[in-house]
Structures are given as C-alpha cells and as structure tokens.
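A.B. asks: Taken in sequence, the protein lines are chains A and B. Under my numbering, residue 531 is the last one in the first sequence; the count climbs by one each step, no gaps. Under my numbering, residue 742 is the last one in the second sequence; the count climbs by one each step, no gaps.
Hints may be right or wrong, so weigh each one.
[What the hints assert, rightly or not] Derived CB-CB ranges, DEER-like:
| hint | chain 1 | residue 1 | chain 2 | residue 2 | range |
| --- | --- | --- | --- | --- | --- |
| 1 | B | G650 | A | L480 | 36 to 44 Å |
| 2 | A | R153 | B | A604 | 52 to 60 Å |
| 3 | A | S329 | B | R703 | 28 to 36 Å |
| 4 | B | R730 | A | L348 | 35 to 43 Å |
| 5 | B | M700 | A | P507 | 13 to 21 Å |
| 6 | B | Q704 | A | W492 | 50 to 58 Å |
| 7 | A | P507 | B | S535 | 53 to 61 Å |
| 8 | B | A604 | A | P363 | 51 to 59 Å |
| 9 | A | S329 | B | G650 | 22 to 30 Å |
| 10 | A | P507 | B | D676 | 31 to 39 Å |
| 11 | A | A330 | B | P597 | 51 to 59 Å |
[Said to hold, decoys possible] Here's a subset of chain A near chain B, in silico, CB distances under 10 Å, partners left out:
| hint | residue |
| --- | --- |
| 12 | Q45 |
| 13 | A90 |
| 14 | L105 |
| 15 | Q109 |
| 16 | R431 |
| 17 | V505 |
| 18 | P507 |
| 19 | A508 |
Calculated directly from the structure, the hints in this document are not laboratory data. Backbone N, C-alpha and C fix where the C-beta goes; we use that ideal spot for every residue, glycine too.
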Amino acid sequence: MSRAWKSPVTARDAAPTPLAVQQALPFVEPAPLVKPPFLTPTSVQRLWFCIWLPDLPLAASRSSDDAAAVIEEQQGIHRVLLADRQARAAGVMAGQSANAALALLPTLQLEERSLLREQQALEALAGWLERFSSFVCIADHDVLLLEIAGSLRLFGGLRPLREKISKGLRQHGFDASLAIAPTPLGATWLARAGRRACIRDEQNLKRELRHLPLASLSWPAGIYASLTGMGVTNIGDCLRLPREGFVRRFGAQPMLELDRALGHLPDPRNAWRAPERFCSDYEMTEETSNRELLLNICRELLLLHEQFLLARQLGTQRLSFSFFHLKGSATELQLGCARADRSAERWLELLRIRFDQLVLPEPVIATRLRSGMTQALQAESARLNFHTADAGPVRRYSIAQLAERLIARIGDQSVHSTNLVAEHRPQYAWRTQGLLSDWTSSTLSEVRRHLRRPLWMLPEPILLPADSGYPLHQGNRIRLLDGPERLETGWWDEEGISRDYYMAVNPAGIRLWIFRNRRRSSSWYLHGYFG
Amino acid sequence: MSSSLDKLLENPRVWRGHNQAQRKAGLASGYPELDRYLPGGGWPPEALTEILTEQYGIGELRLLMPALARLSAEDPQSACSEPGWIAWVAPPFQPYPPALQQSGIDLSRMLIVRPKDTGEILWSAEQALSSGTCAAVLFWTEMLDDQASRRLQLAAEKGHSWAIAFRPMTARQQPSAAALRLELHSSAQGTRVHILKSRGGRPTVLNNLNL
C-alpha cells in the first residue's frame, strides 16, 4: 500500500530535471544553432514572385516627363535620392546636394520625397497585382511579393505570367527588378541583386544564392562592414562560417534569415488585402463652377468606382461626394440607395436629382468619391417574360427604387416606413423604420381589436384649458364618449405614465383622444384625433 | 316607342356621360350611401380625388379607411410581384400605426414621406403615383393649381394609382382637374359630405354620413 503511494511521487520528482537542463542552456535562440532539416518534400511547393521597385520614390512623385529628381534631407542638407534618366545623362547623381544638381541642370525639377505617396503607389500596385495571385504581400517599403504557384495554370505557365506582370508594371510607369524563387526571402534577395532569376527548385536556389553579394541582403551596415572586413563577400562565404560562432557574433537574426532564404525554415508571410472601400480624387488644374463639367467628373469617378466594385463582386448602399474649394471647407453630398448597387448609371441618376439642389458656395478645385460600407452583391434572376409588350400595367420601378429617388431629393430622415412595437404606452407603441436598411422585416405584433386608438397622433400631448374641471377644446366644452381606459405602466424607466384615456367629441364634431394624468396634476391633455 | 329610343341610343354620335364613367368600376368606399352617388359605385380608380376639409379629425381618414384597407390587403394587379403600397405625403400629424392596423392597413407596406415645401410635396406625390408600386397616394397640400392637378391626374393614370389630395376649404373656388371633389363638414350630429364635382356624376349633398 505504501509502495503504491510512493512510486508516483518519485516520478513527479524526476519530471522537472529535463526542463531544468533546458533552462540552463546558455543561448537564448536555440534554433539557428542546430542546422534545421530540409522541409519535407511533401509540403506544398510554393513559388514566390518578387517585384523590387528601386525607383519607387521617383515613380510616386508627381513630376512630368522632364528631367526630375527626388531629394531627401540628410543631416540638414537636401541631397538627391534618385534622378531619372534625363537627369542622370546630365550628370545628376544620387548623393549630390540639391544645389549641385541644379547647377548641373538648371531645368531639373526637384521634389521632396513623400513616404505617404510611395505607400499609396505601392498599395495601388498591390491592388492591381491581386488579379494575378490571391496572395500579395507588401514585404518592404519597396518590395512586393506574389505567391504564384497557384496561378501558373490559369495564366498558361511561368513565362506568360511573368510577361504579363512586367508589361503591366511598365504601363504603370515602374522600372522593376523581378525574380522568382521557391522562398520569399530568396526571391527578394535575387531581385535586389538585379538577377532576373527564375528558379523553381531549392537545389538551384542554393546554388544561385551562394554567389549573391552581401550588399543585396539589406542587413544592418555594421554587420555588413565587419563581414566584408573578414573577407566574407557573398552568401556562400557566410554559409561556410561555423554557425555557432556566426550566431554569437552577429545575433540570431542574420542566421535565421539565411535559413529562411534557403528554405530550411518556414517563412510565413501576411497577405495584403485591398481595402474594401473605394476612395478616389479628381483634381482639376483650375477652379470651375460649371455644373455640367462637375457632373462629368462625378461620372468618371463613378465609373472607376464601378470597376473597383466589379473586381470584388461587391456593391454599396451609400456614397459620398466631397467638392473641395480653395477657400472654406468642402461641400459634402451623400447618396443612399435601397439595395447595394455598383452601377454607375444608377448612381448617376440619383446624383442628378440631388445635384440640382446642391449649393456650391465657391468654385470647385477637386472632387472626391468615397464609398460607404460595401457588401457582397447578390445577383437576382430576372423573370423570363415573353409578353412584356402586352403585359398590361408595366411597373416602372420597384418600391426600393421609388424610396431611393425620394431619399435622394428629400433626405434620409424624411422618408420612412412604420412598424409596431409591443408596448402599452401609446407614444412608444410604434417606431419609424428606414427604408434603406431593413425595410422587408415583418410586423411585430397584432394590436388588440377592442382598444380604441386614434388614426392621428400628435407628436406631443397638448395641454387643454379647463373650465371648472371640464376640458375645453377650441373654446368649447367637450363631451366624453367613451372611457376611461387606464394605462399605468413604464414604472421601470423615466417615462412611466399613469393616465386615464377618454374618447371625446367637441361641438364641431371632431373626435378627440384625451387623457388625464392620475398622478401629478389632474389637467387634461389632447393626444390625438380620430381622423 | 322604346325600340326607336334604343335605336337612337345605339347611334355612336350619342354620348352618354353616365355610362362613360361607369365603364370602370369604382373602389367601393365601404359606405353604401356614398357609393350610390359616386359614378362606378365607388371612388374613381386611377384618378385624383380631392377632399376639402376645414379641420382635421372630422372623419376624413375614416371615410377612406375601408377602401384603403382593401387596397392594402389585396393586390389589384396580383400578377406582379410587388403588392400595392400606400404612400402618405406630408401628413399633418403622425398616422398612428396601431390604429391603422386596426383599420386593416398592412403596415409593412406604408411609406411616409415628409417633404419640406410644396414643390417637394407635389414632386414626391407625382413620383409615388407614377412609380406603379403605390396603390394609393395620400397627400396634404394647400397649393395645387390647375396645372399641378392635371399632372397628378396623369401620373395616377400612368401608375394605376389612386391619388387623394387633402386641401383646405379655401381651395373650393380654384379650378381642378380632379375626377372627384368632396367637401367635408362636420357637426355634432355627424359628417356632411358635399360632392362638388364628380366626373360622370352630379353634385350632391349627403347629410349625416355615419362614419
């Protein structure tokens, strides 16, 4: 009995030992120490297409075709970061001060580097690249990665796909360096090195990477300097160094990167997703108040918007236009639609209704179109109708279309439907219901038949003057016809009521719905007419 | 004698106003005394009806409720998918949903529009009438000139809809293209309905209609 007790106890005592040994190991990052095995060949073969955009700052600048350069402030001096071909031909080089560059080429257009515009250009490009792969990744401020193993069949192989992408990049005005490799990091390094490599298996990748100079790795300058000082100039040299010493000297990160590039370690990436909302600007060279012209601009924006939504099979229920003026804040215009839609023509029709009434305080310099929340568009099948010509009453448009036309002109708040609420307090027994949102939802409950309710309800009860306790309406005493109906409810919130409702008629024959407060004062109130 | 009269009546050159109006059956109003005086035995369908009142609350809605309830319950053009809606344009107070449901109106097909000015009231009414989705369009306006009433009359015909305009008593002297014009007077005894104009009928006064 006592032995049986003892044996599990010893087992528990023994358990912590391996853990203690592990904790006593001197290295923080144990992974790079032991060379990891190759990934099993059964894992899905991936192929990464890397696009390196060395001239992104220039492509994202707004300069025209003339000689241009992008400058950046470095230690208080504006220096040339990138110059285009014409400027380079005139002798402008990266690293020159802005004044020196201007002295070489007086017509040079200088522009300050804008990281925001670069980011926008990169995202626009990523959005365009989504047509080639479901996995697009912004790997760095100037690097885009596509996983293309799954796209090869659709685009008819590697070569046509590569040609399509490089042609599109040229059309977008980018001078890109491309590389294809089985690992994302490998592809990036190859692209940075300017090798137009196209490698499909890992053995070739290893061979190709060995010859890559360390300069294309974008490692910190300190590591690069000390490695070059040691006579290590390419990746092959790095790999020949003892792993343990390398990790101890330079940290785990470079070794991890090498292992990832060679495919020894997995390298998961985050896919980039294009924003689900549309936002586009149209800037004009000069101000205009010409409404026809502005409508045309809106039409172009709506066509872009339609393209955007079509590519994603989405629709939207709301749109907003902003018309910017040089002075003062922008004029806003909101449009709503009953059903999610993307058709530019339909939106334009709604816009025309509203645009007639829009007051533009000043001429417009720029227009922006923003879409609201988007939602998946559900296609509807039309009825197969062979007799449209003699179908008798032709319904021109549905209630939804009627509602959106009315809302476009009158406003969202002024067009609604109603519904019942299961509530005894008369003022809460109903609610308005927007037509654009959930206008098909059904009626909540049935009103009990025996209750007398007026067809007209006043927004607020009106205090009736009284003549020695009798309520007066239009100066005359009124006659009670029916009642009282006692409503005493709502004690659980601020709006509790305790009222006696009566149906009454005044001498002119108007039937009234009046009540008397039971609690506070005994004054009479008019709450509705029996229509 | 009678055969010669029949012959005369068959002559296409003889125009009989009474029959002309009766070609289209009216919407039964639910008040037999009133139906008797309305050509077609009810409210004129696909046309503009004007109701002149001095005050609200004297039964102007109760007068319409039976007909509206029937329009709301059944779809006159049931071959089409969407049933008839009832649009309220610029009502003076809030139409109270519980009471409307008691009267038999389908609340899921109520459209309430509150435009800001007369121009928008008429525009909204015309849109709703000509859309072909509203079985009835009720609107409240002070201004309704001859031209506007003609437009609304045409819109009602086009959209197969029943237009009901509520106007103040002062509009009595103004010309109107409405197919039917009623005046409502109320007293403690009951409501007096005065048919001012009725296409294919004749002006009448109905005393003490029990609404």
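A.B. asks: A separate judgement is required for each hint: does it hold in the structure or not?
C.D. replies: Here is what the structure says about each hint:
1. G650/B x L480/A: 36 to 44 Å: 43 Å, holds
2. R153/A x A604/B: 52 to 60 Å: 58 Å, holds
3. S329/A x R703/B: 28 to 36 Å: 50 Å, violated
4. R730/B x L348/A: 35 to 43 Å: Once the Cβ atoms are compared, 41 Å apart, the range 35 to 43 Å for L348/A and R730/B holds.
5. M700/B x P507/A: 13 to 21 Å: Since the Cβ atoms of M700/B and P507/A sit about 18 Å apart, the hinted range of 13 to 21 Å holds.
6. Q704/B x W492/A: 50 to 58 Å: Holds, since Q704/B and W492/A (Cβ atoms, about 56 Å apart) stay within the stated range.
7. P507/A x S535/B: 53 to 61 Å: Since P507/A and S535/B have Cβ atoms about 58 Å apart, the given range 53 to 61 Å holds.
8. A604/B x P363/A: 51 to 59 Å: Holds, since A604/B and P363/A (Cβ atoms, about 55 Å apart) stay within the stated range.
9. S329/A x G650/B: 22 to 30 Å: Hint holds: Cβ distance 28 Å, inside 22 to 30 Å.
10. P507/A x D676/B: 31 to 39 Å: 35 Å, holds
11. A330/A x P597/B: 51 to 59 Å: Cβ of A330/A to Cβ of P597/B: about 53 Å, so the range 51 to 59 Å holds.
12. Q45: Status violated, d = 52 Å.
13. A90: Status violated, d = 64 Å.
14. L105: 62 Å, violated
15. Q109: 52 Å, violated
16. R431: 8 Å, holds
17. V505: 7 Å, holds
18. P507: OK, holds: P507/A within 10 Å of chain B, min 5 Å.
19. A508: 6 Å, holds
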